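Engineer: Chains as they are written, first to last, in our numbering: chain A, 3 to 371; chain B, -19 to 257.
For the record, the hints were derived by calculation from the structure and aren't laboratory data.
Careful, some of the hints might be misleading.
[To be verified] Which residues of chain A face chain B? A partial, calculated answer using Cβ under 8 Å:
{"id": "1", "residue": "Phe179"}
{"id": "2", "residue": "Arg180"}
{"id": "3", "residue": "Thr231"}
{"id": "4", "residue": "Leu234"}
{"id": "5", "residue": "Arg247"}
{"id": "6", "residue": "Trp261"}
Please read these numbers as outputs of a predicted model, since none were measured by experiment.
Virtual Cβ for every residue (Gly too), placed ideally from N, Cα, C.
Here are the chains, one letter per residue:
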Amino acid sequence: MLFRRLLTDDRGGRLFLAALGVVTVIVPIANLVMPPDSPLHVSTFTVALLGKFLCYALLAIALDLVWGYAGILSLGHGAFFALGGYAMGMHLMRQIGSRGVYGHPELPDFMVFLNWEKLPWYWHGFDMFWFAMLMVVLVPGALAFVFGWLAFRSRVKGVYFSIITQAMTYALMLAFFRNEMGFGGNNGLTDFKDLLGASLQAPSTRVALFVVSAIALAGGYLVCRYIVTSRLGRVLTAIRDSEDRVRFVGFKVEHYKVWVFTVSAMLAGLAGALYVPQVGIINPTEFQPLNSIELVVWVAVGGRGTLYGAALGALAVNYAKSVLTVEFPDAWLFALGALFVIVTLLLPSGVSDAAAAIKRLLARRLRHA
Amino acid sequence: MRETTVTAEPAIGTETASTPIFDPVLGTPDIGQGWILYLDGITVSFDGFKALDGLSLYVDAGELRCVIGPNGAGKTTMMDVITGKTRPDSGVAYFGRRIDLLKLDEPEIASLGIGRKFQKPTVFSGHTVLENLELAGAPRKGVWHALRARMSGEERDRIDEALAIVGLAQHAHRPAGQLSHGQKQWLEIAMLLVQRPQLLLIDEPVAGMTRQETEMTAELLTSLAGKHSVVVVEHDMDFVRSIARKVTVLHEGRVLAEGRMEDIQNDPRVVEVYLGE
Ligand SMILES: Nc1ncnc2c1ncn2[C@@H]1O[C@H](COP(=O)(O)OP(=O)(O)OP(=O)(O)O)[C@@H](O)[C@H]1O
Ligand SMILES: [Mg+2]
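Hey, can you work out the whole structure from these sequences and the hints?
Structural biologist: Shown next as structure tokens:
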């Protein structure tokens, strides 16, 4: 019943989830079961890379929820992703215990190096997995709630909102660069050992993280579908199309915006938390404004307002990026810029639109043939 | 200077108007004293320019009032003040006797039962006609409620009723963006109706409508009066003549004249600024 509502009118979404399911089954088999010399073998490196892409896809869906549906262009979503990542990173640091270089039973290496005597108060509790997971969503959620409440209540919108979100992520980056903040300064958090007792280097852990990322992506997709197919979702699109009208119909526009911005930030935080153990590090560059802009390009490429389009955009652009940065390291930024221009000029609703255009073209061909 | 025959009717609560006993507590408007909308001395200035200059207007419960006036007279600004979009520099605005409109924001005022149709038709173009009405008619407007809400039979009935009144029943599932200009105007009126407002503020309902559409709109608005109080702003004189019982003429942000259409038309000052053109 619920699935009917979520997916009946969503052919793209059904295909997307089916493909995701297939990949989630095949990749672990290809990695763990196929012998390394088999042509069907998928290396652990690739598994981690794919897992990372899935986290990006979840992040893109989170952005599409606020941008594509509510018309709020956040250029600071990378900050929520990074905060979720830091929360996970803090847990992983605490898991190292006395196995650090300095062998301190409680303090992470960088704190010993800074001659700190004891753990800062905000590091307490992160040794517990459940607590860290709670913080993964609560910290980005709380920031988004306060930030959104202040901005939306003062009716900051459009490009002004975008600019202050850039400022927010930039300010956080500067803050996290400082050693005194207690998050490892510019080195960030790294040298993780294990998660829930499983070594992060083990292929099986990599595969497990990949599978969890895929499940989180599918879950995030369904949560967002639930939101956008509800009356709340219709209010959000109405806000995007005619904000004043929504007010005069009696809805508190600010409440809706804050709500969706917060939910989206929580999803972004979750994506960041899954990302960190797979890449093995989180540092302040994750906050850099450019990251948030890249994220917008993924969603624009995939087509906003479809959710699955955003996920596909993230996968496609990041695949292209991983190829291009190996072949032509300097060309990536230009390629990204060009991509953005092409998408905004030619495909205002992104690749999902292009797919429809190609289908129309093929249909015409077939008719003429 | 000759006092015009068409100043505000003295019958409208003159004794109480100077010392109104308003209770700021929210609630249904107490219309025991006759008027549903009470504006007094409203002044709005934009960078020194006075769009409204001591405007006073009293509308009776169940009345159909037409407001006319040349471009820039302040008609839309008046609606902005009533609906909470613009805060006046001075003056008072009450809904009924007890509700101070100047203390409330747009959604609160809308929820009290003041519905507004904009000068430029604004509907949710990405949504179907039905969805437009669903949102407008939603009895509870909170976020968490909206997440789980489903349309009740009662809501659906109300929507069907409104669709029938404006004649859009067969278009219920079309995206609102595809409707003709006139149909959008009607959809917007239907959106007002499902909100069950006590007071409807309607800004230029027949702009861009065909003759026939205009006549239907006139009929519709006339039928609404009595059940609701209606304030209509309109430029189309034939239209105003066809529905008007009482007309207020605005000029340069204040009331120039008020009274029956026949009297208004013969008022030399009104003829000078407006009708003569
Ligand atoms: N936000 C604003 N900023 C500056 N000036 C404004 C603003 N809104 C309205 N005005 C000015 O106030 C005056 C009254 O405008 P208003 O829209 O109320 O007129 P109107 O009677 O509705 O005219 P029309 O018949 O053209 O709709 C106009 O001169 C307009 O230019
Ligand atoms: Mg106007």
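Engineer: For each hint, tell me whether it holds in the structure or not.
Structural biologist: Hints, one by one, checked against the model:
no. : hint   : result
1   : Phe179 : violated (36 Å)
2   : Arg180 : violated (37 Å)
3   : Thr231 : violated (11 Å)
4   : Leu234 : holds (4 Å)
5   : Arg247 : holds (5 Å)
6   : Trp261 : holds (5 Å)
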